[in-house]
Structure formats: C-alpha cells, structure tokens
Amino acid sequence: MDPIVVVGSGASGVHFALTALRKGRRVIMLDVGYTGAEPVRPSDTLNGLKQNLPDPVAYFLGVRYHSLVLPGHSGEYYAFPPAKEHVFRARNEFQLQSSGFSPLYSFAAGGLAETWTGGCYPFDESDLSAFPFGYKELAPYYAQVAERIGITGTVDDLASVFPVHDGLMEPLELDEHSAVLLDSYAGHRDYLNAKFQCLLGRARVAALSRDLGSRKACSHTGRCLWGCPSQAFYTPSVTLAECRAYPEFQYMAGLYVDHFRMDAADQVRSVVAYAAGGETHEFATGSLVLAAGTLCSSKIFLESMFRAKGKVLELRGVMDNRQILMPFVNLRMLGRRWNPNSYQYHQIAIAVRPPNSESIHALVTTLKTGLIHPIVQALPFDLGTGVSIQRQIHGALGLVNINFPDHRRDENFVTMDVTSTPHRLVIHYRPESSEPERLTHTIATFRKILFKLGCLAPSRTVHVRPMGASVHYAGTLPMSDQPGALSCSQHGAHHEIQNLYFVDGTTFPALPAKNVTFTLMANATRIAKEAF
Amino acid sequence: MNTVQLERECRSYARYLIGQAPSAYVIGKYRDFHMEGDAAALGRFDHFLVRVSARAPFWARLADTYATRFRKNSAVHRKLVLMLALLECAPTSFEIVEQVQGGGFAGTVMLLGWGAARYALVLIVSVVLFTPVRLAMALSSKSGSAEARKH
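First to last, the sequence lines map onto chains Y and D.
Mind the numbering: the first sequence is residues 1122 to 1653 in our numbering, read in order.
Mind the numbering: the second sequence is residues 2 to 152 in our numbering, read in order.
This is chain D alone, in the form it adopts within the complex (with noise of 0.2 Å):
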C-alpha cells in the first residue's frame, strides 16, 4: 500500500467535498482503512480514475461525476464515500459537512440549479475526457488476451 498515494487521495478528497485540507487525524483513519483490508484488486480503468482523482480536487470532481454516473461501485467512488465519512464523523470538519448556507427554500431552489447545471457540465466533460481512455484500455484489454491466447 502507497502510503504517499494515500495521503496524496485524502487531501484532494478533502479539498474538493469541504474545500479544506484534512486534518492528521483524517489522513491518519483514511489510511488506516485501506491497511484494514480494502485493498481489492483495482482494474485498469479504475486505478485511472484513482490516479486522476488524486491530482487536484477538480480532477476527484471529474472523476466522482463520471463514476457517480457510470461506475458506482468502483474504488473512485467507495473512496469518497469513506472520505466524506471520515469527514462527518471527525472534528472540525463534522461542522463544515453540516454547516447550513440558510436561504430557506429560494436559496436551496437556487443552490440545486446550480448545482444541477454544473453537474451536467461536468459530466460532459467528464465523459469526453475518460470514455476514450476507458475505450482504449478495453481495446488493448482485449488484443492483449488475444495475443497471450495466440501464444
């Protein structure tokens, strides 16, 4: 286990579901948990999507929208989920995950538009940033069990 790689997911986690860094308590569980046990073999396209979504927390945006949409279940996803709650559960950032912007049912109405809007912008860029690679790892995938078939 990449215990750089780890920490390099959970700040960029962090940053891009609360806009803040983790705290060494949070960095300390996530990793912790992958040490627990869930440590499944990754497929190619999901290690990807791992990798990228470590970048920056525009790129775990990316990543989370097109799993959100297309892979549910993959690491990316089960990743986030842990990290938001690790985020809910531990101090300090408890109270950024349930901190109310208010603006009753206008705001929200205004807040669920904007959020729907970026959303499916996301998505479409998204989908034209990682179907190609998902397309192209499937494709080399394939050719490569073929050629191993043919030896």
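So here's chain Y without its partners, still in its complex pose (with noise of 0.2 Å):
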C-alpha cells in the first residue's frame, strides 16, 4: 500500500498521523518544522529561573529585545516569548497581502499551536448545524483525543455548552484568584444565568493533572507562558515524537511543500517540496494529507490548481474568531498576595447565550506570571506611581478573552497573486456591517458580568483584536454534501480529486465561538479512522 503524505505538523497532522500509523498505515510527513531551544532549567520555578540564569534578560525579554513591549505598541498585553520565537520564523516562499486580515501562520514543529493556551472546547450539536455530521458522530474521537493528549475538566454548569465527553482528567488545582471568581459566581448564578444567559466554571484545559504516560503532572512552575519544561502542557511536538516512534513514520523536516502535481484522471501523484537551499524534491503519493493550517493548505491546492489548469481561483468563505481582550481587576483579590507558582494560562470559562442569537465563549485568565511592563504602562499614572500601584492590584488582574462566532460569507476570501515571485497568498476580509454593534453590546455585557463577580474593566483597556489574531482560520473549502470543485467530502476528500484530502480548519462550514484547536483535532482523528 502506497505510503500517506501528510503535509504539516500540526495539531491536525499529528493527529491524523498517529491514527493512520496505529492502524498500520506508513506515513511520510513534509514539514519545514522549525524547533526552538529545550526549556531550560527544567525544575526552576519562575522566579527561579530569574534568580538562577545566568542572563534572565534574554530569556524574558529575548537576546535583541524582541519581547519588550514598549509604548505606541499594538495594543496586547503580552509579546510572545522569546523561547517560543521559532513558531513564528518565516519562509521566504510563503509571502501574503491581506486586507482587514492580520494573519499569523507558522512553519514550527507542532505548528500553531506550540504557542496555544490549551483549551479543549468540544463544539455541541448547534455548533455542529453546518457541518454534514453531528456531535454523537465526533464524541467518540473527542474522547480518543482526550485520552491521548491529557484534558482537565469536571461537569458542571457549562456543561450545557461544552458537550461531557469520555477521557476528562480531574481538574488542576485552583489559583487563588480564579476560586474567588468561581467563589462570587456561585453567590450570583440565578442572577447571571437569567439576566445575561451566562455560565461560568472550570475550564478545559490540555495540561496534567496526573502523570500521562511518559509525561509528569503539572508541578507548578509558574512557567507555562514561557513554555512548560515539563511537557505537563500540551502540545503538538509531544504527539509529533510519539509519531516518530513508529517504524512507519517518516519526517522530513526542512521542506516547503509548494503544490502537488496530478496526473491525467486528474488525481495527485506527486508533491513537489523545496528545501532551504533551493533544492526541489518531489514525493509520489497515493493519498495526499493537507494538514499545513487553513492559509497553507488553501495556498498549496490554489498553486497547484493554477499550475495544472492554470486558473486562479477564488476560494471564499474564509473565517476567524473576532477576540476582545478584556482585562479587569477584583476588587476582593486587591492587596493580597498571590503565588506565582500555579498554573498560568485559564482555568475559568464563561458562555453567554444571548436569545436569538449564538453562543459568545469567553477564557479568564487571572495574570500572574506574565510581565508588568505592559500593564504598567497602561494605568493612568507616572511609571513610578503605576509600579506601586501594580504591587498592590497585581494579584487582582485578570483577562478576559472574548470569542466571537464566525461564518462563512462570500466577500471574504483568498486568492493567489501569480504576478508576484513568489506567487503570494492574497487574503479578503470584511467584518459583517452590524459587528461594530455587536461588539459594544457584548463589551457592555461582559463589563456587567464582571462587575456583579466583584471586577471592575475599565473601557479604555479593552482592545479589540483585529481579524486574524485569533488565529482560529477556517471554511477555504468546506465539507458539504453538494459535490463542487471547491469543497470536500464530510471525510475531508476533495469532491473532484478523490485522493486529496484537507484535515485542518480548510473544510469546517462554520466556526462557533470556540478555540477551535480540539476540534481540529478530533476531525483531523475522525478521517483517519474512518477513510482510510
């Protein structure tokens, strides 16, 4: 049986290669697959590696400063690390040109999500509408996923919209300041579920709370922003080395997949790749395996497209999260100390269910461990007046990190610029004219919410991220029942060249309020299972 080539590492990848090698299939896997530094000092607290390394600096801060965030800078409240920097190295062959569209993309080992914050957030039957199967189709790969990669959880009210499937871990110890939160919902819940249709509780998150095979439970370093040393965190490169275990598995880092050539029944029979040098290698497939990430893939299939029939199409209906980031202070944590050595990314979750209208998802995280200066200079203060001032509040701040539903609509979409060298991926994105509305509302909303918890967010804090930070990208060629050269089987396959197929965000119909990264996940498991 000819070996599968899959292309990208990834949360899909991955996870599609690992299904495919357990039941015996061989896999080869193109990948460009930058790798970053191993976590230093591993059994180092935070404040232990401030105090212990030996130029703290360049590690917080990166060795030309990179991660300083100073004043006119764009608005979030934290630079990525400098240790996880590599996730975002470029390639000279992928250049884009977007409008309304921020895009972020990588070519690191485990992809994307090498720097997420690991919530697990199945979709439910409505979330599910669009999609040619339901939630009692997806459970079962839910729980396999959960199984295979450690999530924390319990059931409790957001039950109702994060489905309860197989494979939960007991959840993580609490933060302080989180509990306080849970502590104040728990005093308001009548009040919140009538009046804001809101729930709050624990998170699901991909982090051990017991020993998962080979990897130890979270020791709580305070490290996980700066990249977990443990790998207690989950994320994909853990799942890209037990690939590597298999006999059957072959990765070939260091290639730029470009396009696939197809032969005369216009099905794919070889992948053409470039490696750093300039060298062109070219790979014979019987199954090919799009897993490089919505942008990538998309850019993949539309140069390939143009150089077989030379068109450039149109791919429409690209989507992504819209985020808010909320950040707010708890009046009840204020001048209190706090113990930066816990679990850092969130532990509470929020949903509003508005009538009419869909689900808004919302991650708190209580800030800890993250750097000051961002904040600092963010308070209405001198520097000096603002340090004393975080001293006190510190322990009180938190975020929260709105989510909003996207959908696919015909006036966002990519295309390929042929007139450029390389050719460049060209992206269209216009929000919906009624988003500005929608965004002041749930803004007021949340600022309600918050403060019946005991928070207050200050308006002039929110920042609204603009399309393309959620990174959440979607719909470029979407699973439909309705055979068309531009979507793909409810497996992924393409409906005119059968052995391609796309197990990333590219064939999702429409994209809930949700991190989408676990659902990605169990999708990308789902095909692997059941076509081949």
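If you're looking for bench data, these hints aren't it; they were derived computationally from the structure.
Be careful, since some hints might not be right.
Claimed, not checked - Below, simulated SDA-like cross-link-like pairs (lysine to any residue); rule was C-alpha separation at most 20 Å, straight line:
| hint | chain 1 | residue 1 | chain 2 | residue 2 |
| --- | --- | --- | --- | --- |
| 1 | D | 143 | D | 132 |
| 2 | Y | 1257 | Y | 1280 |
| 3 | Y | 1650 | Y | 1142 |
| 4 | D | 73 | Y | 1569 |
| 5 | Y | 1569 | Y | 1474 |
| 6 | D | 73 | Y | 1582 |
| 7 | D | 73 | Y | 1581 |
| 8 | D | 73 | D | 125 |
| 9 | Y | 1650 | Y | 1124 |
| 10 | D | 73 | Y | 1194 |
| 11 | D | 73 | Y | 1191 |
| 12 | D | 73 | Y | 1499 |
| 13 | D | 73 | Y | 1192 |
| 14 | Y | 1573 | D | 106 |
| 15 | Y | 1432 | Y | 1384 |
| 16 | Y | 1430 | Y | 1538 |
| 17 | Y | 1432 | Y | 1539 |
| 18 | D | 73 | Y | 1193 |
| 19 | D | 73 | D | 59 |
| 20 | D | 73 | Y | 1583 |
| 21 | Y | 1430 | Y | 1390 |
| 22 | Y | 1573 | Y | 1314 |
| 23 | D | 73 | Y | 1584 |
Join these two chains into a complex; the hints should help.
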C-alpha cells in the first residue's frame, strides 16, 4: 500500500498521522519543522529562572529585546516569549498580502498550537449544525484525543455548552484568584443566568493533573507562558514525538511544500517541496493529506490548480474568530499576596448565550507571571506610581478573552497573486456591517457580568484584536454534501480530486466561538479512522 | 552613544522606579539595549527631558509624569519602560518590583488615593516647569528655520 503523505505537523497533522500509524499505515510527513531550544533549568520556578539564569533578560525579553513592549505597541498585553520565537519564523517561499486581516502562520514543528493556551472545548450540536455530521459522530474522537493528550475538566454549569465526553482528567488545582471568581459566581449564579444567560465554570485545558505515560503532572512552576518545561502542558510536538517512535513513520523536516502534481485522471500523483537551499524534491503519493493550516493548505491548493489548469481560483468563505481582550481588576483580590507557582493559563471559562443569537465564549486568565511592564504603562499614572499600584493590584488582575463566532461569507476569500515571485497568497476580509454594534453590546454585557462578580473592567483598556489574531482560520474548502470543485466530502476528500484530503480547518463550514484546536484534532482523527 | 550619560539615566530611573540602585547586570543590559539600535535621533525637547530625568529620581518622576500625559511615545518614557522591563526580569530587583505591601482593599484604596494626589501635584509642577521650555524650544526652532529660509 502506498504511503500517505501528510503536509504539516500541527494539531491536525499529528493526530491524523498517529491514527493512521495505529491502523498500520505508512506515513511520510513533510514539514518545514522549525524547532526552538530545549527548556532551560526544567526544575526551576519562574522566579527561580530570574534568580538563577546567567542572563535572565535575554530569556524573558529576547537577546535582541523582541519581547519588550514599548509605548506605541499594538495594544496586546503580552508579547510572544523569546523561547517561542521559532514558531513564527518566516519562510521566504510563503508571501502574503492581506486586507482587513492580520494573519499569523507557522512553519514550526507542531505548528501554531505550539503557542496555544490549551483550551479544549468540544463543539455541541448547535455548533455543528452546518457540518455534515453531528456531535454523536464526533464524540468518540473527542474522547480519543482527550485520552491521548490529557485534558482536565469537570461537569459543571458549562456542561450544557461544552459537552462532556469521556477521557477527562480531574481539574488542576485552582489558583486563588480563579477560586474567588468561582465563589462570586456561586453567589450570583441565578441572577447571571437569568439576566445575561451567562454560565461560568472550570475551563477544559490540555494540561495534566496526573501523570500520563512519560509525561508528568503539572508541577506548578508558573512557567506556562514561557514554555512548559515538563510537557505537562500539551503541544502537538508531544504527539509528533510519539509518531516518530513508529518505524512506519518518516518525518522529513526542512521541506516547504509548494504544490502537488496531478495525473491525466485529475488525481494527485506527487508533491513538490523545496529545501532551504533551493533544491526541489518530489514525492510520489497515493493519498495526499493537507494539514498545513487553512492558509498554507489553501495556498498549496491554489498553486497546484494554477499550475495544472492555468486558473487563479478564489476560495470564498475564509473565517476567523473575532476576539476582544478585556482586562479587569477583582476588588476582592486587591492588596493580597499571590502565588506565582501555579498554572498560568485560563482556569475559568464563560459562555453567554443571548436570546436568538449564537453563543459567545470567553476565557478568564488571572494574570500572575506575565511581564508587568506592558500593564504598568497602560495605567493612567506615571510609571513610578504605576509600579506601586501594580504591586497592590497584581494579584487582582485578570484578562477576559472574548471569542465571537464567524460564518462563511462570499465577500471574504483567499486567492493568489501570480504576478509576484514567489506567488503571493492574497486574503480579503470584511466584517459584517452589524459587527460594531454587536461588539459594543457584548463589551457592555461582559463589563456588567464582571461587575456582578466584583470586578472592574475599565472601558479604555478593552482591546478589540484585529481579524486574524485569534489564529482560528477556517472555511476555504468546506465539507459539503453538494459535490463541487471548491468543496470536500464529510471526510475532507476533495470532491473532484479524490485522493486529496484536507484535515485542518480548511473544511470547516462554520466557526463557533470556541477555540477550534480540540475539534481540529478530533476531526483529523475521525478522518484517519473512517476514510483510511 | 555616551555610556556615562546612559549609566546616569539607568541609576536615576532605577531609584525612581524601585527606590534602589541598579545592579551591574541591569546597567550592562541598559547600555546593551541602546547599543543594539534604539538610537533614533531625539528632538530637542525629548533630549532635554532625557537629560533632566537623568539628574535624580525626583527629576525622573517629573519628566515621566509630563511625558505620560503629553508625550507618551517620547524617549524618556520609552527608556523608563525599558528600565522597568529590565528590573522585573533581573535577579533581586524583580522581587522589589513585585513586592505586595498588603493591606487588602482598604490599603489599596489609600495607596490609589495617595498615588493619584501625588500624580496630580507632580503633573502641575511638571507642566509649570516644562511647558515654557517646550514652547521656547518650539519658537526658537521656528525662528531658526525661518532664518535658514531667508538665507
């Protein structure tokens, strides 16, 4: 049997590959595969690193100070840590031009999810209403992925919007601030449920509360933002390492896949990739699986179609979750000491389901070990006063990351500019005309919810992130029951090129407000299991 | 790049932000950052604010307060943010940056009140001191460029 060629080692690619390997298939994975340095001093806490590293500034701000947030920055509250710089390292062959969209893309081993925050939120029936399958069909794969990667969570109020699947581990130990928020919610639950259709509960996160295989449970070093030193926090490179233990798996790093070639019957016969030195490599394949992420997979498809047919296609319906960052201060936590040695990403999630509208989801991160200089400069004081105030409010600071759903709309598309060398991916995105009103209303709603929980969220600090910032791209070649040249079957197979599969977000016909990564993994597992 | 001036800035800013002198490591990193390339040409008034702020922590507070309100992207504000970032990453000083004074809600409200009052007072003083300088510099550069045009 011909090997399956998989392009990309992100969340979708590695779970597809592992499932196929477990079924006895041979898999060749082509990947650029940039990697970062190994974690330094794995047993040190975050403050231990500041104390013990020979050059802590280089570790936290970067050798060239890239992670320093100076005045006039983009409005983000933390920069990407230097240890994760490789995740966004560019590759010359991939050029893009965009309007209304600020995309991020990755050529790292493990892909963009190497910088994710671990939220694992299964889509429910209503989220999947535009998909050609329902929750029942996806649930076993959610459970399978949960067992593979380790997801903590519990059954609470959020169970009505985050279906409870098998394989959940007991939750991580709560940090004090998150515990205070949960306690406030318990006291105002009926009011919040009735007034705002607001549900609050424990987040589902891909971090281990107990050992799983060779991975150890979270040791609470407080280093999550800087890269978990013990692999208790899951990233796709963990599964990539698992795949590499199979003799039937061949991982070929350093290769940028540009296009595929087709035979006379319009089936994929080979994949063309470029090495860093410019040499061309061509791999014969029986089945090609694109898992390079929606933008890169779309580019490979567009390039291949242009070379085969001479046509520049437009792939309509590109989507992303709009996100709003809302910093807040919890009055009950003011002036309290806090423990930096705790899990750092979100431990609380919120769902708001307005009547006759789709759910909006939010993740609540209690800011503990992020760098404080971006926050202090946002305070309405001089920096000296800001530092004194920050000491008192640090343990009370939090950040709500609000996610909005998106839908495929024809005016949003990706195409290719063939007048440039190399050909450029072009992205056009315009939000719906009703979006500003919706954002304003949602901001007001969340400020009221936070106020009820005893928190203040100053309106001037709310930051509407540009489209593309959430990195949940999807929808350019959607799964559909209707055959067509620009859509796929429910197993991600292109309707006309039947040995071409898309197992990433490319095929999602809708994008709910939830972090999409867990569903990407489950869907890729489903396709590998059912179609191969 | 004047390393003596940089060191003077670094010492003044550290004392202003955390009440302590910077370590040799922090001074080295502060210098290193400026050598790395954040050496954009300063306007006259920005240059003046930097020089004034390097004199002593009190002057750093005055210049910072003025800059925070009226010149958010000025060199002095950027340098102070850099200094804070270095202090929060470096051994020993990170503990001072993050030292909670306690006192709960009431203590924080009192601190906020005191901070706001001091900020307002320093802002007034800084406006009185720096606005005439800024205006004078703006006027002299206008008349300078008019002279240059004449010639």
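Status of the hints after comparison with the structure:
1. D:143 with D:132: Holds - the C-alpha atoms of residue 132 of chain D and residue 143 of chain D are around 16 Å apart, at most 20 Å.
2. Y:1257 with Y:1280: 15 Å, holds
3. Y:1650 with Y:1142: Answer holds: residue 1650 of chain Y to residue 1142 of chain Y is near 10 Å, not above 20 Å.
4. D:73 with Y:1569: With Cα atoms ~31 Å apart, residue 73 of chain D and residue 1569 of chain Y exceed 20 Å; violated.
5. Y:1569 with Y:1474: Since the Cα atoms of residue 1569 of chain Y and residue 1474 of chain Y sit roughly 15 Å apart, the hinted pair holds (cutoff 20 Å).
6. D:73 with Y:1582: Holds, at roughly 16 Å.
7. D:73 with Y:1581: 16 Å, holds
8. D:73 with D:125: 17 Å, holds
9. Y:1650 with Y:1124: 16 Å, holds
10. D:73 with Y:1194: 11 Å, holds
11. D:73 with Y:1191: Holds, at about 10 Å.
12. D:73 with Y:1499: Holds, at about 10 Å.
13. D:73 with Y:1192: Distance of about 7 Å is within 20 Å: holds.
14. Y:1573 with D:106: Answer holds: residue 1573 of chain Y to residue 106 of chain D is near 17 Å, not above 20 Å.
15. Y:1432 with Y:1384: 17 Å, holds
16. Y:1430 with Y:1538: 16 Å, holds
17. Y:1432 with Y:1539: With Cα atoms ~10 Å apart, residue 1432 of chain Y and residue 1539 of chain Y stay inside 20 Å; holds.
18. D:73 with Y:1193: 8 Å, holds
19. D:73 with D:59: Holds, at about 19 Å.
20. D:73 with Y:1583: 19 Å, holds
21. Y:1430 with Y:1390: Between residue 1430 of chain Y and residue 1390 of chain Y the Cα gap is close to 15 Å, so the pair holds against 20 Å.
22. Y:1573 with Y:1314: 12 Å, holds
23. D:73 with Y:1584: Holds. Residue 73 of chain D to residue 1584 of chain Y sits at ~18 Å (cutoff 20 Å).
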